[in-house]
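Modelling step: build the complete structure from the supplied sequences, incorporating the hints.
Each chain, written out:
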Amino acid sequence: MHLSVSGVSKTFGHGPRAKLVLDDINLELDSGEFVALVGSSGSGKSTVMRLVAGLERSSTGSITVDGRPVRGPGSDRGMVFQKYSLYPWLSAAENVAFGMQLQGRPKREVNERTAYFLEVVGLSDAGRRLPRELSGGMQQRVAIARALAADPKVLLLDEPFGALDLQIRESMQEFLYQLWERTGLTALLITHDVEEALLLAQRVHIMAPRPGRIIRTVAAQLDRSNLAHLRVSRPFLELREELAGCLRSLDAGVPA
Amino acid sequence: MSSTSTTAGKARSANALDAAAWRRWLGHPWSLGLIGILAVLLVWQLIAGSGLVDKLFLPSPEAVWKAGSEQYARGILIKDLLASVGRVGAGFALSALVSLPIGIAMGCSRVICQLLEPLMGLIRYMPAPAFIPLLIIYFGLGEEPKILLIFIGTVFFNTLMIMDSVKFVPSELRETALTLGGHGFQIVTKVVAPFIAPQVIDAYRINMASAWNLVIVAELVAANEGLGKRISLAQRFLRTDEIFVGLIVIGLIGLAIDLGFRLLMRRACSWAN
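Residue numbers (the working numbering), protein chains in the order written: chain A, 1 to 256; chain B, 257 to 529.
Treat the hints with care, since some could be wrong.
Said to hold, decoys possible - Listed next, the in silico BS3-like pairs over lysine-lysine satisfying Cα-Cα at most 30 Å (straight line):
1) B:LYS335 to B:LYS311
2) A:LYS153 to A:LYS83
3) A:LYS19 to B:LYS423
4) B:LYS335 to B:LYS322
5) A:LYS107 to A:LYS153
6) B:LYS446 to A:LYS153
7) B:LYS335 to A:LYS83
8) B:LYS311 to B:LYS322
9) A:LYS107 to B:LYS335
10) B:LYS446 to B:LYS423
11) A:LYS19 to A:LYS83
12) A:LYS83 to B:LYS423
In case anyone wonders, no lab produced these hints; they're calculated from the structure.
Treat the numbers as computed from the prediction; the structure is a model and nothing was measured.
Now the structure itself:
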């Protein structure tokens, strides 16, 4: 799998009221890679995600998956939203099965894969519960299981833990990292949290606002054998502080 | 000595039990409502019994009960009731069936919404009873004009309320289905329809009240049987007791239908409670 975003810009509105929200975005993603886009609000990072998902169309440039241009949403690009997007009338297991049913897979396969992916996210016992009976972290794990069960080539994560408490967010980050290690999934993560991006992604793109653009790309070659340890290690903290300072200066309006 | 204290203890615990039972009873959501209804009945009985008001204007509860039993014994009450319920059922079922797809289509498509909303907004403000003369000219005095009146009087409200509920479907829920490989019609049947189900049931429950108003109006104008017809006949013979019977029966059926919809909601959409 190869995802390519090249020369993409996005303008909202027409004529004199047109507003450029993304300017010349370029990024690449290969099978098994975990890439993050970091930016403050207004940097257009979510718009990049929506363009890749095919929920919106770019004004210029091209987005391709394995050489084929993206023309709309499809199950090859699974998405996990920030706000809990579980179907409230379906149980956790039915939510996981939902995408596979839309695709018209055989019932037996749906049941087997549902059980498998519930186990992968550690929620085998919660399959029959309704979303409102699950904690925020559990809901997001179901959402991830649902996206994975539909067998996407790339997983798009739009601030997946942004609505969670700090404690739960940290454990979810570890969960996601282990999931990536275990299943070899390919992921594009959107976040405003530098720490989260550095912890999970091998490549981090920093975005600046007005118009949204990538101003810096960092290869984060870190030892991830112990994330709790990594969080407080010197090289990690230095890199985190440097990138966080870069984002702060952008927010303050100082040209980078 | 010890035996008396046990008895006293028992009595006290029995009192405590009584108090707890009373509190539980009063805490039931229907208790206060029942007390309200009983209070009105009591005041009615007191006024009627005092002889301050002419019996012709205010029959006693007893007289109304007698008139009701008599109508029931003669088979009129059930016949009227079935006639009115049948009309409401037919007219409202038609309205529900037509408004559901149109409301969903208007909620999902901006083109359809912009095409139909002004038209519906206009017709909605025409009082449905004002259509009665026209309906009688078109369809005569049979069942069709009554059923159609209920249809006209409820279909626009049903449609607009369903359209509104569709607009509140969170975009994440639609977009998730799209990124899972879902297509247009699947979004409607698998995402929009289940999401709006509680609001649709509620819209039907609310607009059912208009259907009952309209059937009575239609029967007052022209009908051979029905609860509204019975009331207008009773007026001709100054039978206020029979008018009261009609009003109370209409109220009770309305209440029963309302409770039925609430029960349906609780059963079918337990996730939304």
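Hint check results:
As the CA atoms of LYS335 of chain B and LYS311 of chain B are separated by approximately 28 Å, the hinted pair is consistent with the 30 Å bound. Note on LYS153 of chain A and LYS83 of chain A: the hinted pairing holds, with a Cα-Cα distance of about 22 Å set against a maximum of 30 Å. Using a Cα cut-off of 30 Å, the hinted pair LYS19 of chain A and LYS423 of chain B holds, with the two alpha carbons roughly 26 Å apart. A threshold of 30 Å between alpha carbons decides the hint, and for LYS335 of chain B with LYS322 of chain B the separation of about 18 Å falls inside it, so the pair holds.
Annotation: proposed proximity of LYS107 of chain A to LYS153 of chain A holds, straight-line Cα distance about 22 Å (limit 30 Å). For the hint pairing LYS446 of chain B with LYS153 of chain A, the CA-to-CA distance comes to about 24 Å; that is within 30 Å, so the pair holds. For the hint linking LYS335 of chain B to LYS83 of chain A, the alpha-carbon distance of about 55 Å lies beyond 30 Å, and the restraint is violated. Between LYS311 of chain B and LYS322 of chain B the alpha-carbon distance is near 14 Å, which keeps this suggested pair within the 30 Å criterion.
Distance check on the hinted pair: LYS107 of chain A and LYS335 of chain B sit about 51 Å apart at the alpha-carbon level, beyond 30 Å; violated. Annotation: proposed proximity of LYS446 of chain B to LYS423 of chain B holds, straight-line Cα distance about 16 Å (limit 30 Å). Among the hinted pairs, LYS19 of chain A with LYS83 of chain A is consistent with the structure: their alpha-carbon atoms are about 26 Å apart, no more than 30 Å. Between LYS83 of chain A and LYS423 of chain B the CA atoms are separated by roughly 18 Å; this keeps the pair inside 30 Å, and the hint holds.
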